Amino acid sequence: MRQAQRAEAAAEPRDAPMVRTTFLLVALYGFRPLLPIERVARDFFSHHTAEKLVRLISAGRITLPLVRIDASPRCAKHVALVDLARWIDDRAEEARIEVRLSELQGRPVFDPCCTEPPRPWRDSL
Numbered sequence: 001m002r003q004a005q006r007a008e009a010a011a012e013p014r015d016a017p018m019v020r021t022t023f024l025l026v027a028l029y030g031f032r033p034l035l036p037i038e039r040v041a042r043d044f045f046s047h048h049t050a051e052k053l054v055r056l057i058s059a060g061r062i063t064l065p066l067v068r069i070d071a072s073p074r075c076a077k078h079v080a081l082v083d084l085a086r087w088i089d090d091r092a093e094e095a096r097i098e099v100r101l102s103e104l105q106g107r108p109v110f111d112p113c114c115t116e117p118p119r120p121w122r123d124s125l
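Start counting the sequence shown at 1; every next residue gets the next number (the working numbering).
Some hints here could point you the wrong way.
Claimed, not checked - Taking CB as the label site, the calculated pair distances span:
| hint | residue 1 | residue 2 | range |
| --- | --- | --- | --- |
| 1 | R96 | D70 | 16 to 26 Å |
| 2 | E98 | R74 | 31 to 41 Å |
| 3 | A27 | L104 | 29 to 39 Å |
| 4 | L34 | Q105 | 35 to 45 Å |
| 5 | I97 | S72 | 35 to 45 Å |
| 6 | P33 | L101 | 29 to 39 Å |
| 7 | V19 | P73 | 31 to 41 Å |
| 8 | A50 | E103 | 36 to 46 Å |
| 9 | R100 | C75 | 34 to 44 Å |
| 10 | Y29 | I97 | 25 to 35 Å |
What the hints assert, rightly or not - Here are the simulated EDC-like cross-link-like pairs (lysine to aspartate or glutamate), alpha carbons at most 20 Å apart as the crow flies:
| hint | residue 1 | residue 2 |
| --- | --- | --- |
| 11 | K52 | D83 |
| 12 | K77 | E51 |
| 13 | K77 | E38 |
| 14 | K77 | D43 |
| 15 | K52 | E38 |
It should be emphasised that the hints constitute simulated quantities derived from the structure, not laboratory data. Here the structure is a predicted model, which means the values were calculated and not measured. Just so you know, even glycine gets a beta-carbon here, dropped at the ideal spot from N, CA and C.
All chains should be modelled from the sequences, with the hints used to inform the complete structure.
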């Protein structure tokens, strides 16, 4: 690992991306600790209705904690803002891993810290 990358990793706490995502969600929704499931479905799962999203969460297909206001089956359902931030960051990390794996499977990797691009790119120029 390069020195600059090590210094950057040491300076930034592990939960820093989640904190940034949480702040962005607070800016978007205001200071609400819980978001109605209808709003979450509309903004992040537009391909599902709120009812379908509740079923997917209850079945464990979407790993997002569902907050029920009381014990009634018809009670209002919400998602905690911090849980939504963590879920978004987890999906982003999965996407980063997927990109890294595809790069390892044959696509050339260009490191912006290097002064020269990788050899296959330089030869094709």
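Straight-line alpha-carbon gap K77 to D43, limit 20 Å: OK: K77 and D43 at ~16 Å, within 20 Å.
Note whether the CB distance of V19 and P73 lies within 31 to 41 Å or breaks it. Holds - the Cβ-Cβ distance for V19 and P73, about 35 Å, lies within 31 to 41 Å.
For R100 and C75, compare the CB-CB distance with the range 34 to 44 Å and indicate the outcome. holds (42 Å)
E103 and A50 - C-beta distance against the hinted 36 to 46 Å: Once the Cβ atoms are compared, 38 Å apart, the range 36 to 46 Å for E103 and A50 holds.
Given the hint that K52 pairs with E38, does the C-alpha gap stay at or below 20 Å? holds (10 Å)
Against the range 35 to 45 Å, how does the distance between the Cβ atoms of I97 and S72 compare: consistent or not? For S72 against I97, whose Cβ atoms are near 40 Å apart, the range 35 to 45 Å holds.
Starting from the range 16 to 26 Å, see whether the pair R96 and D70 falls in it by beta-carbon distance. violated (39 Å)
Falls inside 25 to 35 Å, the C-beta gap from Y29 to I97? holds (28 Å)
Consistency of beta-carbon spacing, L104 to A27, with hint 29 to 39 Å: Because 36 Å falls inside the window, the suggested range holds.
Taking 20 Å as the top limit, are the C-alpha atoms of K52 and D83 close enough? holds (19 Å)
Honestly, do P33 and L101 meet the 29 to 39 Å range at C-beta? Given a distance of about 36 Å, which is inside 29 to 39 Å, the answer is holds.
Next pair to validate is K77 with E51; report whether the Cα-Cα distance is within 20 Å. Answer holds: K77 to E51 is near 10 Å, not above 20 Å.
Of the numbered hints given earlier, the model fails hint 1 alone.
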